[in-house]
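These protein sequence lines are chains A and B, in that order.
Each residue of the first sequence is one higher than the one before, counting from 22 in the numbering used here.
Each residue of the second sequence is one higher than the one before, counting from 11 in the numbering used here.
Keep in mind that the hints were calculated from the coordinates and are not lab data.
The beta carbon of each residue, even a glycine, is placed where N, CA and C say it ideally should be.
The reader is advised that the hints may include incorrect statements.
Claimed, not checked - Partial selection, computed: residues in chain B whose CB lies under 10 Å from chain A:
(1) PRO98
(2) VAL156
(3) ILE266
(4) ASP268
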Amino acid sequence: MKLAFILCAGMALAQQPGQVEGQQQESLKGVVKLNRAPVSKEVLRVNLPKPVERKLRNGLRVVIVEDHRLPTVAMQMVLPASALRDPADLPGLASATASSLRYGAGKRSSREIAESLTEMGATLNVTANYGARSTVLGASALTESLDAVRALVADVLLRPSFPQEELDKAQKRILTQLQQARGSEQFLTEELLHKVLYAGDGRAIVAPTPDAIRKITREHMVAFHAANYKPAGALLGITGDVKPAEMIAKLEKAFEGWTGGPVEEAKAAARTPIGEKRVYLVNRPNSVQTRLTLANHAVDRAHPDYFALQVMNRILGGGPSGRLFMNLREAKGYTYGASSSIANEDFRHHFSAAASVRTEVTEAALEEFLKEFRAIRDQVVGTEDLENAKRALVANFALSLENRPAVLSRLLSLREKNLPLDYWDTYAARVMAVTAADVQRVAKRYVPVDNLQLFAVGDATKIRAVLAKFGVVEEYNADGARQ
Amino acid sequence: MPAIWLSIAAASLLAQTPQLAPVKFSDTRLPNGLRVLISEDHSAPVFSIAVSYNAGSRDERAGRTGFAHLFEHMMFKGSENVGQGEHPFLVFNNGGNMNGTTNADRTLYFETLPKNQLDLALFLEADRMRSLAITKENLDNQRSAVQEERRLRVDNAPYGKSFLAVSELAYDNFAYKHSVIGSMEDLNAATVDDVREFFRIYYAPNNAAVAIVGDVQPGEVLAKVKKYFGGIPSQPAPKAVDLAEPEQTSERRMVIEDKQARLPQVQVAYKIGRGAEKETAALEMLSRILGGGESSRLYQRLVKEKETAVQAASFIQTKVGPGLFQIVAFPRAGKPAEETVGEIGEEIARLHSATVTAEELRRARAMTRRIAVSSRESSLSLAVQLADNAVLFNDPGRINSEYQKLMSVTEQDIQNAVKKYLRSSNRSVIVTMPAGGAAPARKK
Chain A
22 MKLAFILCAG MALAQQPGQV EGQQQESLKG VVKLNRAPVS KEVLRVNLPK PVERKLRNGL
82 RVVIVEDHRL PTVAMQMVLP ASALRDPADL PGLASATASS LRYGAGKRSS REIAESLTEM
142 GATLNVTANY GARSTVLGAS ALTESLDAVR ALVADVLLRP SFPQEELDKA QKRILTQLQQ
202 ARGSEQFLTE ELLHKVLYAG DGRAIVAPTP DAIRKITREH MVAFHAANYK PAGALLGITG
262 DVKPAEMIAK LEKAFEGWTG GPVEEAKAAA RTPIGEKRVY LVNRPNSVQT RLTLANHAVD
322 RAHPDYFALQ VMNRILGGGP SGRLFMNLRE AKGYTYGASS SIANEDFRHH FSAAASVRTE
382 VTEAALEEFL KEFRAIRDQV VGTEDLENAK RALVANFALS LENRPAVLSR LLSLREKNLP
442 LDYWDTYAAR VMAVTAADVQ RVAKRYVPVD NLQLFAVGDA TKIRAVLAKF GVVEEYNADG
502 ARQ
Chain B
11 MPAIWLSIAA ASLLAQTPQL APVKFSDTRL PNGLRVLISE DHSAPVFSIA VSYNAGSRDE
71 RAGRTGFAHL FEHMMFKGSE NVGQGEHPFL VFNNGGNMNG TTNADRTLYF ETLPKNQLDL
131 ALFLEADRMR SLAITKENLD NQRSAVQEER RLRVDNAPYG KSFLAVSELA YDNFAYKHSV
191 IGSMEDLNAA TVDDVREFFR IYYAPNNAAV AIVGDVQPGE VLAKVKKYFG GIPSQPAPKA
251 VDLAEPEQTS ERRMVIEDKQ ARLPQVQVAY KIGRGAEKET AALEMLSRIL GGGESSRLYQ
311 RLVKEKETAV QAASFIQTKV GPGLFQIVAF PRAGKPAEET VGEIGEEIAR LHSATVTAEE
371 LRRARAMTRR IAVSSRESSL SLAVQLADNA VLFNDPGRIN SEYQKLMSVT EQDIQNAVKK
431 YLRSSNRSVI VTMPAGGAAP ARKK
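Isolated chain A (complex conformation) (with noise of 0.2 Å):
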């Protein structure tokens, strides 16, 4: 609790290594250097780790990797039930299947399941995000209970029984959950987001209606499952405390008789930056700070202008020293902090900047926000400001190695997104290349300034003639409806 620093939530979390830093010298105001502190120049450089791969007999295809520090295992299966598959009169069918997998299972009750996951000291979650190419079981266990929690799985995952009285109190919950997330100003900003950014397709979606909740049934879930959960073309990733000949061989044995697919990939076309201002108010009344968040559209890893965008993005507002940190709270002190990010998802790759601020300072903020976007494409960055960005970024990698689940997932999504597997390897020089230019170059591009999708949460009787000096307002109530 009560951290001195924290990077804003609710901003795209898939990011690079770490977080932060970078300045150049009009933005160093914050910062006095006496560089008296001893630092090694030297840039620790590794490797992730290689793992084993193989592929079951049904066409899964396993990747481990053996790390023995403690009795624990996680595993992570990428499953190709993407939400974008949802019907459109459905949204939320491949998120409600996923989390009811674990109401019942071959002979185990939910109640069964829930006892036996705690008994086994372990921990299952299946999840379906919406505008996300999979969905994704996540388990992890103790070494002693790992044949238990796979047999747990395989369950799961094959022979999951969706019995009605569960799906019955679960949607009743899930419209109580529904009401709730209205409260947060986080949610109700992505909940507008999205919809704006990514109009018209499956990525619009962050949560699913009441009445698309109430409209789904069994019916529905079993046809989707039986449809979506296939092995072949899927990916199961394992890591810690295994034997990787071991494990494969009881996979096999575990997931017998499953077998089906490749199911086709989901899609979602790339989007490119929106060409017309547009000011989008949620009234959250009696709020006493604005939440505001500036976005528009960016790129994905595969993009040429990728690299480029992370140390563009480090040096604007990547974490607790980005110069939109620096201005706005320590220069300023309108927020608690100020922050940019990439999104980083499968199909949404968005540029956003945000900050909570009080309601009194919203013009004032968002000035500086627009100041700091002008000043990032306007002028090239600083030597310090660039080496320093790139130095943060390379060296931070360093951290990763510590968590094994993480280092999993980077090796899952280079082979589930079809990227080059030397990726990571080649992840510090490609960061080294960017160049000054490079950066003011994706600056223009992507940080908006003509054409800012600008959405505040926050008191409208305070707000609402201070948004109209940056744009045509249209405003909505924090149940979603049009003003």
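For this one, chain A is given, so just place chain B on it according to the hints.
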């Protein structure tokens, strides 16, 4: 029950308990009183450093609530050899992560960095322990940041004020009664002299512990710690704060109207004993059985069987002084909050009339083992545990002994602790109701 039976039962239990390799560490006290804990782990080319100061919001005086945390922010603003903002600048630019955090009992600072930046981390932590730059400008600036933090987490957040209300209602002694974040008024009142005095009294080597864990050579680390921290003078030990609580004699109730919440929330809190007490371990095990996840009693009854609530959990706040056993539940839309309060009460009554089952205790032990293993996954988590246990309980070895203590809790231990602390006269109930503009709009 005869003592001999108990000891046999405990011995056989320990024989069954899956062992967890102890965390090995060295424990050295420098002549200036600084406690230094070092543990090597070469599994990744990184290290973490945690510096825990024996000072928290309990050390604040009336009229200065929020000060320990405001002070924490000042620690990032520079010292004699580190410029304003240079600390985060150097850590992040060299690939590291860092932060600080304050609670009622202690203030903690930490960094994780690639292994070649050990000198940098030690220099930064030592320089601010020795020579913090205290200026009005820095204070005003961080005051604003903290006030925005309060708005973000408390004033503008659903249930933000309810979270603070638990301590305010349950405690009588000012030390734990007031919030860590403090009031806007008190934050405004803090002066540069307050900062100077707080620094002198509490930020001394003899009132702190530093832990370094990771890809390091212990001998080399200790030599460097001596080099960087050895010359910082010790100070007279701060006066211990009286944390004693008078016995609560009747139930306390509060209703909070929350303009940002869309649905009600129910919180129940029982004041319990000190963190080091044996009942605290028993109650920690109980918190898993009663409200630790979907297999727990509260979840199964309130969420699954009766459908009174959509979420129900229990947890324990362990402190140096009296802690809290807490339950939080969110009633389902359309269900009265009082129904949830009633269900919770019945579950507590059940704990008084019968012990938890052997099966439930087995599950709580598995969860405990899992939590213990997970807490060893990162160098930062290990460093924080070592430094905090040294400062809070004068016992860094608690990182290993606490596991055994929890694993040997029995059904009877839990019931004894329930009878001692989970009494209705010792409970505080807070119900939060949506108010103002936050309630869902009516269809026109």
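So, going through the hints one by one against the coordinates:
{"no.": "1", "hint": "PRO98", "verdict": "5 Å, holds"}
{"no.": "2", "hint": "VAL156", "verdict": "8 Å, holds"}
{"no.": "3", "hint": "ILE266", "verdict": "14 Å, violated"}
{"no.": "4", "hint": "ASP268", "verdict": "9 Å, holds"}
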